[in-house]
Structure formats: structure tokens, C-alpha cells
Amino acid sequence: MPSVRPTVAALVFAVVAITGIVLLLPRRAPDPITPPETPVTPPALLPARAATPETPLHSWERLLVADGSPREDLAALADLTTNYLQAIPSARRPALGFNEDLARALTDRDTLGDAALPATHPALVKGQLIDRWGTPWQVHPLAADVLQLRSAGPDRRLYTADDLVAPPPAPDQSSSSTFQ
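First residue of the sequence shown? That's 119 in my numbering, and the numbers climb one at a time after it.
Take the hints with a grain of salt, since some may be wrong.
Said to hold, decoys possible - Computed Cβ-Cβ distance ranges for the label pairs, DEER-style:
| id | residue 1 | residue 2 | range |
| --- | --- | --- | --- |
| 1 | Asp197 | Pro161 | 10 to 20 Å |
| 2 | Pro272 | Ile136 | 49 to 59 Å |
| 3 | Gly245 | Ala209 | 19 to 29 Å |
| 4 | Ala279 | Pro259 | 34 to 44 Å |
| 5 | Arg189 | Ala162 | 34 to 44 Å |
| 6 | Arg222 | Arg275 | 54 to 64 Å |
Hint data in this document are derived by calculation from the structure and do not stem from the laboratory. Model, not experiment: these values are computed from the prediction. Ideal placement from N, C-alpha and C gives every residue a C-beta, glycine not left out.
Take the sequences, apply the hints, and build the full model.
Here it is in C-alpha cells:
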């Protein structure tokens, strides 16, 4: 009867050899998966409107105005957000962790009255707040009464040098510069 030991050794050698050959064979790189480009339509801008002592502008009336700038859009949205956070006690406030949450809160006429963002405002698309390039704003809670707002900027990609951010990121977290 032949010895089992040489047969096991030959079998182990064959498995190791086949594994080595398979691992060393050149591999074709997988085809990169590119998501289909979704066309982004920038919102229609509001016509310019000057404030007067009799008819001052609401913060939302400065958001996405034709004669405004991206920085002014950021300031207007930051004002809206800050005013909401100061006006509504935290115990009565819904969670505001996402863009949709903030959009829903800022359009609540029962809570905000005339200061509420109109549901027909061009900054609202499919329940989200969008910037002047048609990209949703990123909402990041920093504390119970502080939300960081980030626009992806003209390149429409978050965390790049052209992002607009308020309040600015802490120096050690600055992966992009604040729009100036």
C-alpha cells in the first residue's frame, strides 16, 4: 500500500502552485463605473428689489436674487437659519440634521408667519434648499443652536476650494477654503 504522506504532499504542492499561478496572472482592470450625469438646472433668480423703510426685505427676499452674489445667498440663508434657531425654542424644534429638515422648518408658515420662506421660492426644489448652481446645500449640525451651511460652489462638488461655508470650518478641519 502506497504511503499517504507523498500523496498529501503532492496535493498540497499542486494547490499552492495553482493558487500562485492564478494570483500571478495579469488581470484586466475593471471598467470604471461612472454614474450617469444628471443634468442640473440652475434655479431662476428672483428679480432685484430694493428695501425701503416702509417695505424692508425679509431674509428670504435676498436669497437667489438676480443682482446678488453667492456670498449674499450664503448670508441670506444663514440669517434665515439663525433667526429660526433663535425664534423657536429647542424643545419645540424638529431635528435639523439634513437639508430637507431645514427646508421644511424654514417654510413652516404656522411657526414663522411672514418670515417663512415661501414654498414657491426658487431656492426650493423637490423639498431641498439649493444654491444658485442648482446643487443642494449641505446642512451640518455643529451644536443644538448652530448649523453649518455649505454650498458646493460653481464646480458643484462638495469639499473643494470654491465651497461657500458659514460658519467657517475650524482651522484644523479646513478641507476647503471659505468663499470670500
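Checked hints:
Asp197 and Pro161 have their C-beta atoms about 19 Å apart, which keeps the hinted 10 to 20 Å range intact. Roughly 54 Å separates the CB atoms of Pro272 and Ile136, a value that falls within the hinted 49 to 59 Å. A hinted range of 19 to 29 Å holds for the C-beta pair Gly245 and Ala209, which are about 25 Å apart. For the pair Ala279 and Pro259, the supplied restraint of 34 to 44 Å is violated, since their beta-carbon distance comes to about 24 Å.
Checking the proposed 34 to 44 Å range against Arg189 and Ala162 shows it is violated: the Cβ atoms sit about 20 Å from each other. Restraint check, Arg222 to Arg275: a C-beta distance of roughly 26 Å breaks the suggested window 54 to 64 Å.
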